[in-house]
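Okay, so the sequence shown: first residue is 1 according to my numbering, each after it adds one.
It cannot be assumed that every hint is accurate.
[As the list claims (entries may be wrong)] Just the calculated beta-carbon pair ranges, DEER-fashion:
| # | residue 1 | residue 2 | range |
| --- | --- | --- | --- |
| 1 | A118 | T81 | 50 to 58 Å |
| 2 | D93 | T113 | 29 to 37 Å |
| 3 | L74 | C104 | 38 to 46 Å |
Because the hints were derived from the structure by calculation, they are not lab data.
All C-beta atoms, glycine included, are put in the ideal place defined by N, C-alpha and C.
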Amino acid sequence: MAEFASKGVAGAGLGLGIAGTALGVMNGNLGRIFGGIAAPQTAVGSCCSEDHLINRYEAAQQARIAELETEVKLRDANTYTDQKILATYQYIDSQLKNVRDELCAQAVTNQRTQDSFALARADLAAVKSDLEGKINMEAERRCCADNSIVTYANATFYPKMVADVTVGTTTTAQSLYNPIPNCGECCKRG
1 MAEFASKGVA
11 GAGLGLGIAG
21 TALGVMNGNL
31 GRIFGGIAAP
41 QTAVGSCCSE
51 DHLINRYEAA
61 QQARIAELET
71 EVKLRDANTY
81 TDQKILATYQ
91 YIDSQLKNVR
101 DELCAQAVTN
111 QRTQDSFALA
121 RADLAAVKSD
131 LEGKINMEAE
141 RRCCADNSIV
151 TYANATFYPK
161 MVADVTVGTT
171 TTAQSLYNPI
181 PNCGECCKRG
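Please take these sequences and the hints and turn them into a complete structure.
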């Protein structure tokens with residue numbers, strides 16, 4: 001497996017070397033490639049400059065260095081992206097937690113309100129039932145008491161038998177007057 005990897009690296013280096021040679025030839029440096037003309041000197045006196053020729057091993061080394069630098073930069077970029085994604089997730093999660101907390105608090109408040117209204121309805125129904133019972137009892141008592149007063153007044157102040165208008169006839173029963181309306185079977189009128 002290692003031999004395939006080294007062949008790939010060597011192939012890449014060879015390809016870069018060939019490309020560099022082709023560029024050098026196109027730039028008019030054919031003589032320098034074959035050693036005819038020396039590399040130009042810089043002002044400091046060194047022999048390295050932008051147009052310095054490199055061999056395939058140096059090209060492979062430079063390619064490997066560029067590959068490793070790319071991997072490091074990619075790793076750094078992924079780490080930075082992961083940190084930003086994590087920070088965004090934490091922010092959104094905290095906001096959603098706040099929303100969940102508010103929804104839960106609102107649900108508790110809503111349930112408390114519903115329970116309060118249910119208790120109030122039950123209390124009102126009980127009070128209404130009790131009040132209706134007391135009103136009916138009071139109406140029955142009043143009806144009976146009023147009828148008792150009317151019956152007493154009719155029995156005391158009105159004669160039950162009245163003489164007929166014609167002389168010599170017998171007496172006839174006088175109908176009694178009761179101004180109170182009949183309230184039902186609460187009591188019998190006398």
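Against the structure, the hints come out as follows:
no.: 1; hint: A118 / T81: 50 to 58 Å; in the structure: holds, 54 Å
no.: 2; hint: D93 / T113: 29 to 37 Å; in the structure: holds, 30 Å
no.: 3; hint: L74 / C104: 38 to 46 Å; in the structure: holds, 44 Å
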